[in-house]
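J.: Could you put the whole structure together from the sequences, leaning on the hints where they help?
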Amino acid sequence: MQVKHWTDVPAQQAEGIEGVTVRWVINKDDGAPHFAMRIFDVEPGRSTPYHNHWREHEVYVLAGEGVAVQESGETSIPPGSVILVEGDEMHCFRNTGEDVLRFICLIPFQWLEGAAEAQAAQA
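Residue numbers (the working numbering): 1 to 123.
Since the hints were derived computationally from the structure, they do not count as laboratory data.
Keep in mind that the hints are not guaranteed to be accurate.
Said to hold, decoys possible - Label-pair ranges, simulated between beta-carbon atoms:
no.	residue 1	residue 2	range
1	Tyr60	Asp30	34 to 42 angstroms
2	Gln2	Gly45	19 to 27 angstroms
3	Met1	Ser72	26 to 34 angstroms
4	Val3	Lys28	17 to 25 angstroms
5	Gln110	Gln12	13 to 21 angstroms
6	Asn52	Asp8	28 to 36 angstroms
7	Met1	Glu74	33 to 41 angstroms
8	Pro10	Val82	22 to 30 angstroms
9	Lys28	Thr75	30 to 38 angstroms
C-beta atoms are modelled at their ideal positions from N, C-alpha and C, and glycine is treated no differently.
T.: In structure tokens:
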């Protein structure tokens, strides 16, 4: 078991997006074989990029006010919100408040791409 404080992990600018930082608080370097845990900080007026990818991810909002944006519109995400972003779903998170929007985001590692489909095909 490993225990550390999330602030002990350095924040990095996320994907070259100004006003968005990410901390990879649990990853392969920690010995995690399947999933990474990241903590994002989105500054007021900023957002993560509007994008999609093969993997699902799970999000838990810790602080701030914002919206989850998807093709069908926007949904308010106050602290305590939990979000499932399905694989290939267009999405982003935008800070609509006056303070930092902070959330935890869990993602599977790249090597898992197609693993569920392959397992289902073998059954």
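J.: Indicate, hint by hint, whether the structure satisfies it.
T.: Here's how the hints hold up against the structure:
1. Tyr60 with Asp30: 34 to 42 angstroms: 19 angstroms, violated
2. Gln2 with Gly45: 19 to 27 angstroms: 35 angstroms, violated
3. Met1 with Ser72: 26 to 34 angstroms: With a Cβ separation near 41 angstroms, Met1 and Ser72 fall outside 26 to 34 angstroms, so the hint is violated.
4. Val3 with Lys28: 17 to 25 angstroms: Because 18 angstroms falls inside the window, the suggested range holds.
5. Gln110 with Gln12: 13 to 21 angstroms: Holds, at about 18 angstroms.
6. Asn52 with Asp8: 28 to 36 angstroms: 32 angstroms, holds
7. Met1 with Glu74: 33 to 41 angstroms: Taking Cβ atoms as reference, Met1 and Glu74 lie about 39 angstroms apart, which means the hint holds.
8. Pro10 with Val82: 22 to 30 angstroms: The hinted range 22 to 30 angstroms holds for Pro10 and Val82, with Cβ atoms some 26 angstroms apart.
9. Lys28 with Thr75: 30 to 38 angstroms: Because 32 angstroms falls inside the window, the suggested range holds.
The structure is inconsistent with the numbered hints 1, 2 and 3, although it conforms to all the rest.
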